[in-house]
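With chain A fixed as given, assemble chains B and C onto it according to the hints.
If you read the sequences in order, they're chains A, B and C.
Just so we're on the same page, this note's numbering is the position in the first sequence counted from 1, plus 137.
Just so we're on the same page, this note's numbering is the position in the second sequence counted from 1, plus 74.
Just so we're on the same page, this note's numbering is the position in the third sequence counted from 1, plus 63.
Just so you know, the hints here were simulated from the structure itself, not pulled from any lab data.
Treat each hint with caution, since some may be false.
[Claimed, not checked] Ranges between beta-carbon positions, derived for each pair: (1) LYS163(B) <-> PHE333(A): 22 to 30 Å; (2) GLU120(C) <-> GLY404(A): 24 to 32 Å; (3) ILE191(B) <-> GLY332(A): 29 to 37 Å.
[Stated by the list, open to error] The list that follows gives simulated cross-link-like pairs (lysine-lysine, BS3-like), each with its CA atoms no further than 25 Å apart: (4) LYS182(C) <-> LYS415(A); (5) LYS222(A) <-> LYS343(A); (6) LYS222(A) <-> LYS154(C).
[Claimed, not checked] Taking beta-carbon pairs under 10 Å as the criterion, some of the chain A residues facing chain B (in silico): (7) ALA229; (8) ARG238; (9) ILE267; (10) VAL305; (11) PHE306; (12) ILE342; (13) VAL386; (14) PHE393.
Even glycine gets a Cβ: it sits at the ideal position worked out from N, Cα and C.
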Amino acid sequence: MDWFYIKGILILSGINLMAVLGLSLLTGFTGLFSFGHAGFMAIGAYVTAMGTVKLGLPFAAALLLGAAGAALASFFIGRITLNLKGDYFCIATLGFGEAIRLILDNVQYFGGARGWPNLPRSTNFTIVVILNIIGIIILANLINSRHGRNFKAIREEELASQTIGINVFRYKMTALMISAAYAGIGGGLLGHYLGFLQPKMFQFIKSTELTITVIFGGLGSISGSVIGALVLTSLPELLRTFAIWRLVVYGAAVVFIMISRPQGLMGGYEIPVGKIFKKLYYRLAGCIRGKQAVGGGKQ
Amino acid sequence: MSGFLQQLINGLSIGSVYALMAVGYSLVYSIMNFSNFAHGGVIMIGSYIGFFAMTAFEMPFAAAFCTAALGTGLLAVLIERIAYSPLRKRNAPFLYFIISAMGVSIFLENIIIASPIGPTFRTYPRVFGAEPFVVAGVNIGRLDVMMFVISTISLIILVFIIEKTKTGMGIRASAYNLRASALMGVNTDRIILIVFGLGGLLAGIAGVLFGMKYTVYPQIGNITLKSFIAAVFGGLGSLPGAVIGSILLGIIETFTSGYLSSQFRDLIAFVLLIFILVVRPRGLMGKTTEEKA
Amino acid sequence: MKLLQLKNVTKQFGGLMAVDNVSFDVGKGSIFGLIGPNGAGKTTIFNLITGIYKVTEGEILFEGIETNSMQPYRVAELGITRTFQNIRLFKKLTTYENILTACHYNARYGLGDAILRNKKFKAEEKSLLDQAEELMNIMGLEDRRDVIAGNLPYGLQRRLEIARALALRPKLLLLDEPAAGMNPDETARLMALIKEIRDRFNLTVLVIEHHMDLIMGVCERIVVLNFGKKLAEGTAGEVQANPKVIEAYLGEEEVVVC
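If we strip away everything but chain A, and leave its shape as in the complex, we get (with noise of 0.2 Å):
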């Protein structure tokens, strides 16, 4: 197993990873669930790619009109399905990642339900790595704030929020739009990674597959959608020689972790990233310390 291999799981991990962060601010965070951010993914990765293959922008540039593309979606999504209680909000999401899909089908000047060939190969590892470390921090500040504390509030009580003054309607929207401008950079960077789409990319399995990812990571744990995304990206690809049968176990596992794990890996706690580098650091400074005084004692 050589490094461009593990590279290329890797990046779509962190592919993956961008569109599960978002999902995981909505579904994790704000307590509403999808079944269509497979349509925000295919929005942002069509328009990312009408940005640099019609329009001649830069990669990044294009990422960011991938994103504002899907957000805006959302933004006309949001408005009429928002205020539809819990399973009709997630059955509208699907009936609209599908729609999406099939609508590009039929749309030739992206290629149809052929395809899109010969996009170019903008996607690289340092770039999806950056692009990541800052979807997280963005992430992390949010929940830790205001605003976070509002999405979790209406996450546990939507009337009780509203009656110390949240403003459940926009924050919903503020979180949709959100979530679905991660997914359309998660789609931007894939189709540049591939170097072509296909709208059956993103058909409803895709959108399911990032709602299980979110919840194997556990709701409401920033560190678990990470370790989610990494270890569902990754090991199908790693047990490759199984093929067929991946799916099959997948699909079990799925089952089972419902049934026995439903708080996920992290059950809604995080791991202490910046405790940890804090004792790292001080340990590592008492090592330096230490070495001296000892070298101090020789002298």
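Coordinates of chains B and C only, in the frame set by chain A:
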């Protein structure tokens, strides 16, 4: 004009099969309040059981048909026991049921692909003959007629069970309020199993009919998502709604592919879904619930 | 000085008259009681005041502003907040987080400030943390700071719900059966608490209660409802002596007058 009638009849026959599937979604939803996405997988398995019963085991159609229905009935009950019952005991939120159902659906689809059966498309042997009926200058396929007849009979039997038997009363009571029914002495655990069993039986029948009309392949489950849309269209949890929604969807689809383009056939279903959710989220005949402060 | 006015308020659910032509005024700084048998429409009135339901007819004025068409969060912004009969805390968050969340209204930094962690964010967030800490101490919840709200004992959950409401710095606080499920001892302490927070935070309190000791003990004015209609209004003594009230209660409940 005859073209119009032709389309209408095609629509009715495919709509009636959608109805068999949609009723399965609605039955489960009415009691457990979640969308059972494993249903598509069960329909697919039914399709395969019927196919192999007729080809590999050379059963006559009626026997194969019953085997498929019983097989899927059993499968649906098994799924409830393994994938939902532990969640039910924990009072898990509806999303966990949906995800668990997705897991089952992924499992079923891929176990067929991975098994010696494989991903190939298979065609049912012809049972009802190729010669169409000709009524008033309109050709009506024998299969279409049989699909409509078998679906209608199955649905009538279902309605009879739900409206006229004691078990049916239990089902209706549980749909109205599961917890209160349990307190009033209804064995809701048994009712849930029966509901899954009934849904499964209908899924098997639908699977066989669907397979005969088109072909059998592991991804049939995805197509049956449209019957779910029909259930939403009619109002999730309402059986008459599911039937009406399905018939309408069947007709709308055949007209779309007949007069516009077959490429829009699938799209129209999902556009319809979003439209109905926006205009009337509880569907044509769904029950409303209001949260009490 | 009238803080809240209900003018001929009616609420219909289909054919059911939940609230039927009810009018009363709540004076600023008072503790006002709303009593009546089960199903008399008390909680419906709370839902109407807080904008969760829309009135069918009539109007509700808060400081002279009509609140009929406002979303619940807008009503909260005006300075009206409430507790719920069946406690609605943010169950999986801690005591501290529950209060801190409700303090959000006292900070003005935006999404961008939060993402960039700039000076404005840090200063305002610091002040929010202090406010939550202070409120927790006032309400005697400091030793349960990091307990998950859902795991608190029942009495403290009610107390936390009041604390969360106070975090908004409301002008009018609606308490929906705050003493439900409490023993006489706890009820007595709750009475003292209600008076204390009224004085301390310059509040007006509107309270629904079944515990007659509590109502009679703290409320300066009381409205009695029956079948959605206003039956009587007056001081504790006046209401207790009202024959219509006695009649309505005798048929329904065993505890009448203490």
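Cross-check of the supplied hints:
At about 47 Å, the beta-carbon gap between LYS163(B) and PHE333(A) misses the expected band of 22 to 30 Å. A hinted range of 24 to 32 Å for the beta carbons of GLU120(C) and GLY404(A) is inconsistent with their spacing of about 50 Å. The hinted range of 29 to 37 Å is satisfied by ILE191(B) and GLY332(A), whose Cβ atoms lie roughly 34 Å apart. Restraint check for LYS182(C) and LYS415(A): satisfied, since their Cα atoms lie roughly 23 Å apart, inside the 25 Å limit.
Pair hint LYS222(A) plus LYS343(A) holds up; C-alpha atoms about 23 Å apart against a cutoff of 25 Å. A hinted pair counts as satisfied when its Cα atoms are at most 25 Å apart, and LYS222(A) with LYS154(C) qualifies at roughly 20 Å. With a cut of 10 Å, the hint placing ALA229(A) at the interface with chain B holds, because the nearest CB-to-CB distance is about 5 Å. Annotation: ARG238(A) was flagged as interfacial toward chain B, and the flag holds, the nearest CB pair being 9 Å apart, inside 10 Å.
Annotation: ILE267(A) was flagged as interfacial toward chain B, and the flag is violated, the nearest CB pair being 32 Å apart, outside 10 Å. For VAL305(A), the shortest C-beta to C-beta distance to chain B is roughly 13 Å, which exceeds 10 Å, and the interface hint is violated. Taking 10 Å as the C-beta cut-off, the interface hint given for PHE306(A) is violated, the closest approach to chain B being about 15 Å. Restraint check, ILE342(A) versus chain B: the minimum CB separation of about 7 Å is within 10 Å; hint holds.
Given hint, VAL386(A) at the interface with chain B, holds; its Cβ is 9 Å from that chain's nearest Cβ, closer than 10 Å. Checking PHE393(A) against chain B by beta carbon gives a least distance of about 8 Å; that is within 10 Å, so the hint holds.
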